[in-house]
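As numbered in UniProt numbering, the first sequence has no gaps in its residue numbers, which increase by one up to the final residue, 206.
If you are wondering where the hints come from, they were derived from the structure by calculation, not from laboratory data.
The beta-carbon is built from N, C-alpha and C at its ideal position, and this holds for glycine as well.
All clues given are correct.
Here are the in silico distance ranges between beta carbons for each label pair:
hint, residue 1, residue 2, range
1, V113, I83, 40 to 48 Å
2, D90, K202, 56 to 64 Å
3, A163, N122, 22 to 30 Å
4, T66, S107, 26 to 34 Å
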Amino acid sequence: MTEPGASPEDPWVKASPVDDEDSDYHQEAYKESYKDRRRRAHTQAEQKRRDAIKRGYDDLQTIVPTCQQQDFSIGSQKLSKAIVLQKTIDYIQFLHKEKKKQEEEVSTLRKDVTALKIMKVNYEQIVKAHQDNPHEGEDQVSDQVKFNVFQGIMDSLFQSFNASISVASFQELSACVFSWIEEHCKPQTLREIVIGVLHQLKNQLY
DNA sequence: CCCACAGACATAAGTCTATT
DNA sequence: AATAGACTTATGTCTGTGGG
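All chains, please: the whole structure from these sequences, using the hints.
Shown next as structure tokens:
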């Protein structure tokens with residue numbers, strides 16, 4: 001739609017007052033020209049603003065993957081602005097959820113790394129002790145059996161630890177750890193675990 | 001303080017397009 | 001062809017800002 005009588009080439013054509021001696025008319029003509037000039041500039045500015053908005057929607061449609069899915073039965077139909085906005089909102093919510101999931105995964109993996117590092121240090125100490133005293137206790141059981149005993153005990157402890165511990169906050173973690181130690185690390189309980197593991201291994205071996 | 005200006009928003013009217 | 005819905009365009013109004 002074009003403005004009636006508007007000429008895009010000469011937007012400021014009415015900007016100067018007309019050459020007339022009549023001051024009232026002169027004034028009126030000047031006012032009118034200012035009004036026209038103002039209207040023209042405003043129309044241009046408004047066009048610019050609408051272009052910017054349109055560009056924004058186009059960019060959204062390009063960036064948001066769910067806006068790019070096309071129904072091939074219809075062809076590459078342009079989505080309405082309302083749909084582009086809704087799909088953008090949905091996509092941002094999806095990204096937020098994904099980010100949260102990945103952060104949780106990273107946290108879990110960090111804990112695994114810490115545990116593995118501790119275990120590595122412990123094993124290195126054991127290996128070093130063996131190297132320092134290679135002949136101590138020739139009648140000792142094999143490394144495999146020792147590992148099985150260790151593994152059985154640690155598995156049992158880990159199961160009770162995993163069932164008792166929540167890591168939502170440090171306070172909660174700390175409270176859970178203390179309660180777990182009280183409940184599952186009593187001498188009597190540990191004794192039962194060790195005996196149970198040894199029995200189990202004995203049955204497997206013989 | 002007044003005026004000019006720019007930008008944002010609202011609205012009416014026109015245009016385009018898919019559907020019935 | 002009629003119609004509905006989405007979109008565009010021009011214009012009016014309001015508000016904030018900066019210069020004289």
